[in-house]
Amino acid sequence: MKRSIHIAVVFFALLLGAQDIFAQRDSVAKAIVLAQDQNVNAEVRVKKALEIIDNAITNPESANDPFAWYVRGYVYKEWYKTFETQNKKSKTRLNAVAFLKKALELDTSKGKPFSVTQSFHYFGQIATVTLDFDPQIIRQILKYLGSTFYNDAGSMLDAANYPVAIENYEKFKECILIAEPKYNIKLREVEFKNALATVYEKIFRTDIKANSQYFGMTEDLYKQVLTLDTNNWGGNYNLSMLYYNYGVDLINAMSVTEDIVVIENITDESTLLFKKALPYALKANALNPKKREVLVCLMGIYFSLYEQETSDEFKAKIELLDSGK
Amino acid sequence: MRKYLIILITFFCISADWVRMPIGPDPNNSNAKIKATFIYNFTKYIDWPEKYKEGNFVIGVLGTSSFYNDLTALLSTKSVGKQTFEIKSYSNSESITGVCHILFITADNSAMLPSVIKQMKGKSTLIVTEKSGMAKQGSGINFVVENNKQRFELNKSNIEKYNLKVSSTLASLAIAIE
Chain A
1 MKRSIHIAVV
11 FFALLLGAQD
21 IFAQRDSVAK
31 AIVLAQDQNV
41 NAEVRVKKAL
51 EIIDNAITNP
61 ESANDPFAWY
71 VRGYVYKEWY
81 KTFETQNKKS
91 KTRLNAVAFL
101 KKALELDTSK
111 GKPFSVTQSF
121 HYFGQIATVT
131 LDFDPQIIRQ
141 ILKYLGSTFY
151 NDAGSMLDAA
161 NYPVAIENYE
171 KFKECILIAE
181 PKYNIKLREV
191 EFKNALATVY
201 EKIFRTDIKA
211 NSQYFGMTED
221 LYKQVLTLDT
231 NNWGGNYNLS
241 MLYYNYGVDL
251 INAMSVTEDI
261 VVIENITDES
271 TLLFKKALPY
281 ALKANALNPK
291 KREVLVCLMG
301 IYFSLYEQET
311 SDEFKAKIEL
321 LDSGK
Chain B
1 MRKYLIILIT
11 FFCISADWVR
21 MPIGPDPNNS
31 NAKIKATFIY
41 NFTKYIDWPE
51 KYKEGNFVIG
61 VLGTSSFYND
71 LTALLSTKSV
81 GKQTFEIKSY
91 SNSESITGVC
101 HILFITADNS
111 AMLPSVIKQM
121 KGKSTLIVTE
131 KSGMAKQGSG
141 INFVVENNKQ
151 RFELNKSNIE
161 KYNLKVSSTL
171 ASLAIAIE
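Quick note, the sequences are listed as chains A and B, same order. Each residue of the first sequence is one higher than the last, beginning at 1 in this note's numbering. Each residue of the second sequence is one higher than the last, beginning at 1 in this note's numbering.
Hints were generated in silico from the structure; no laboratory data involved. Accuracy of the hints is not assured; some may be wrong.
[Stated by the list, open to error] Once the Cα atoms are required to be at most 20 Å apart in a straight line, the calculated DMTMM-like pairs of lysine to aspartate or glutamate come out as:
#1 Lys149/B x Asp259/A
#2 Lys35/B x Asp259/A
#3 Lys33/B x Glu258/A
#4 Lys149/B x Glu307/A
#5 Lys165/B x Glu50/B
#6 Lys149/B x Asp322/A
[Stated by the list, open to error] Reference listing, derived: stretches of chain A covered by chain B, where coverage requires no fewer than 3 residues with Cβ under 8 Å from a Cβ of chain B:
#7 262-268
#8 271-280
#9 304-315
[As the list claims (entries may be wrong)] If you want the ones that stay clear, here's a sample from chain B, every Cβ over 10 Å from chain A, calculated:
#10 Gly63
#11 Leu74
#12 Asn92
#13 Gly98
#14 Pro114
#15 Ile117
#16 Met120
#17 Ser132
#18 Gly138
#19 Lys156
#20 Glu160
#21 Ile175
#22 Ala176
Even glycine gets a Cβ: it sits at the ideal position worked out from N, Cα and C.
Extracted from the complex, chain A is given alone in its bound form:
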């Protein structure tokens, strides 16, 4: 009796459809009630609920029933929460997103929540539950899943795992923009692209010849950041450092016994890189004149461009900054 009372106050979503789909909904309702039943061990209830909903969904009447897809998405989300939160590549989580999206796509209520009461056999008793279909709840679940994708994207941002980070970030975007269509994604785009660019740059700098393709990938990402936000300090500074470091790297990698024709080509290329670095370093300096690293960068760029007087001016600024005056 106690269990029946508990079940009776569980709220879930349901789209009012044709009456003939109610029988099919018995299994669907049972799945979600079971998934929520705190009297049953978490692992047992999630496994059983998943089994029930996976069977129920094979019913032809479930194919276009948004409630069935919502319940499936919900149960898959619960499975992810119970068993797979450490799995950055969780297929269950991806499935949960896909099912919840399908529920929203099939929803013909135009976003209006509504309820339906369903009775079915549950642990030898007749259970009666009130089920609510509320697209807003689906969006909240997508927002939750989106946040897990974003966190996993951040934790996977390293040389070995960045492809997973990208996949997770793209999923975050997909979820959050469904959950909150007016979400300010630009801020996150700038953060993620800057972070990913530093990963690419680290890979590039471990071996500038073997990993040369990462130079262009890094450059492209920083430029994307600056397209989104021209005044992004990190984007400007990092892009200037990318060019500057590469220019110096080219010279450092050159053998002192290299032929003069080769030297000409290398110095042409490095000079071009120093020239490319300059406007971004100047912009970073204009955005934050007290940043020591930018002053050091400008001192180096001007020195490399053989503009000794200007280089010395930045050297003096660094010394002034260091003196605390």
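Got chain A sorted already, so can you dock chain B onto it with the hints?
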């Protein structure tokens, strides 16, 4: 609330990560290396008389300069033909005794060029300078900066005065001074 805290912490970690960037290597060494590489090439594209093709290949630096250390670090383990490089430091023109294949006069010591020219008379020494106008005043090769790039002027007659032969390849890459 806990969930949002986790999200915020992650955002912070990512933001903190991308501002960390290693400072680039010291550009002083890069510019010195370019000059050293040019000097190495002068040994390939300039021909010294036979009697200068024995013993060490001496490169002298006139005046106190970090470039002496740079040259030592970059060339002392290298050789030209069978000759090992020997980098010497001279305090003034009078101290340049014995064979000196290449003499580099730093910009700060350019005023010593006339006395060096007197001192080097009759010897086969390539005089290399790094100050505007020096190639017209007697040096064979003068490093200059053109369009933010290290280049060199070459005064063929000044080089040939010392019984040295310049290859056409080197001359074609230089800014010719007459």
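20 Å Cα cutoff - pair lysine 35/B, aspartate 259/A: holds, 13 Å
Minimum Cβ-Cβ distance from serine 132/B to chain A exceeds 10 Å: Since the minimum Cβ distance to chain A is about 12 Å, serine 132/B lies beyond 10 Å and the statement holds.
20 Å Cα cutoff - pair lysine 149/B, aspartate 259/A: Within the cut-off at roughly 17 Å; holds.
Consistency of the no-contact label for asparagine 92/B, given chain A and a CB cut of 10 Å: holds, 25 Å
Assertion that isoleucine 175/B lies farther than 10 Å from chain A (Cβ): holds, 13 Å
Outcome, coverage hint (the region 271-280 of chain A, chain B; C-beta under 8 Å; three residues): Coverage by chain B holds for the region 271-280 of chain A (3 residues, Cβ < 8 Å).
Verdict on glycine 138/B as a residue remote from chain A, using beta-carbon distances over 10 Å: holds, 23 Å
Beyond 10 Å from every chain A Cβ - status for glycine 63/B: holds, 17 Å
Given as non-interface: proline 114/B, which should sit over 10 Å from chain A by C-beta: The claim stands: proline 114/B keeps its Cβ more than 10 Å from every Cβ of chain A (closest is about 25 Å).
10 Å cut-off, C-beta based - glycine 98/B kept clear of every residue in chain A: holds, 25 Å
Within 8 Å of chain B's CB atoms, at least three CB atoms from the region 262-268 of chain A: coverage verdict: Contact hint for the region 262-268 of chain A vs chain B: holds, 4 residues under 8 Å.
Outside-interface status for lysine 156/B - nearest CB in chain A farther than 10 Å: The claim stands: lysine 156/B keeps its Cβ more than 10 Å from every Cβ of chain A (closest is about 16 Å).
Checked against the numbered hints given earlier, this structure breaks hints 6 and 11; the rest are met.
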